[in-house]
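Chain order of the listed sequences is Y and E.
Residues in the first sequence are numbered consecutively from 2, following this note's numbering.
Residues in the second sequence are numbered consecutively from 1070, following this note's numbering.
One should not assume that every hint holds.
Label pairs and their calculated CB-CB ranges [claimed, not checked]: (1) P1238/E - S21/Y: 44 to 54 Å; (2) P1238/E - S41/Y: 43 to 53 Å; (3) Q1306/E - T45/Y: 49 to 59 Å; (4) D1175/E - D52/Y: 47 to 57 Å; (5) A13/Y - G1075/E: 47 to 57 Å; (6) Q1216/E - S21/Y: 24 to 34 Å; (7) A1134/E - A13/Y: 32 to 42 Å; (8) N34/Y - L1180/E: 22 to 32 Å; (9) L1180/E - E5/Y: 40 to 50 Å.
Just so you know, these hints were derived from the structure itself, not from any lab.
In this text, all values refer to a predicted model and were calculated from it rather than measured experimentally.
All C-beta atoms, glycine included, are put in the ideal place defined by N, C-alpha and C.
The lines below spell out each chain.
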Amino acid sequence: MNGERHVMACSATVADLVSSWCTSPDGIAVARNREVVPRSEWATTLLSDHDVVEIVTAAAGG
Amino acid sequence: MHTAGGDFSIAGRALGSRLVLGTGGVSSPDVLDAIVEASGCTLATVAVRRVDPASRGGILDVLRAHGVAVLPNTAGCFTAAEAVLTAKLAREAFDTDWVKLEVIGDEDTLLPDAVELLDAAEQLCDQGFVVLPYTNDDPVLARRLEQTGCVAVMPLGAPIGSGLGIRNPHNIALIAERSSVPVILDAGIGTASDAALAMELGCAGVMVATAITRSRQPARMAGAFRHAVEAGYEARQAGRIPRRYLAQASSPVEGTPDL
């Protein structure tokens, strides 16, 4: 996730990953294997071995 | 009532200011707060980056507190595929289908890759995004982007962050004259007079990041740009005098005393 290896519990979901990494889900988006996971599907999207996850938000940028 | 800068809207959204703020280079949320206040901007760009658990939320909070609309960019993307995915992530994160589309050709000049840019613009317009592409100062490419459905075009004055000003004023004037969507001069602005020139050339707006955020007094410079954009717009509307090769006396010749 975000370029680093993470070990998660079996049956961990995208929502679990977001809540463990972010203080608030506001202004956050998640890509799993280069596909956007809609917010409404975070709680039901199970993570698998070797998934590549990116969790992004706003940063200063022109 | 006469309003400074006149009415300005993009894709049907009324924007009170013709100055679009880029947040790149801003040193802290407090500085951003002061810049936004001084600039009077109503639209500001943000980049989409990995969450840093140590620091987040500052930029969005400041923009929301001022009622400034967020314009996510696709900075750092080198291919259409990267840019399209970034736009989709931004839509999910910030609940907006607006995107400032950047697809860069190389890291040294950060100039747009025209082929990838047009490809990404077509895909995003087809998927219902409101696309504002950062483009070369090329009237033909600007027209092609407009034809794909982009709601504005954002030609560069000079490479991003260079502060070199508008290197090809003639092309910017051509783009502004021939475009039926708003033209927003983007990139290369060094100081307030560059923004005034952009407006005098016929641009509908100016986007500024580095020239404000990396100036010695960012809030003061933001105020200078606010005035420059308004002054340039007013001068354009008022109509400049034609250029003459020789002098034309401004005092009357008639009635000159014989001394």
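Taking the hints in turn, this is what the structure says about them:
1. The given range of 44 to 54 Å is respected by P1238/E and S21/Y, whose C-beta atoms sit roughly 53 Å from each other.
2. A beta carbon spacing of about 49 Å between P1238/E and S41/Y agrees with the range 43 to 53 Å that was offered as a hint.
3. As the Cβ distance of Q1306/E to T45/Y is approximately 55 Å, the hint placing it in 49 to 59 Å holds.
4. For D1175/E and D52/Y, the hinted distance range of 47 to 57 Å is not satisfied, since their beta carbons lie about 32 Å from each other.
5. The hinted window of 47 to 57 Å between A13/Y and G1075/E holds, with their beta carbons roughly 54 Å apart.
6. In this structure the supplied range 24 to 34 Å is violated for Q1216/E paired with S21/Y, their Cβ-Cβ distance being about 46 Å.
7. Remark: the range hint 32 to 42 Å for A1134/E to A13/Y is upheld by a beta-carbon distance near 35 Å.
8. Hint check: N34/Y to L1180/E, Cβ distance near 31 Å, so the stated range 22 to 32 Å holds.
9. For the pair L1180/E and E5/Y, the beta carbons lie near 32 Å from each other, so the given range of 40 to 50 Å is not met.
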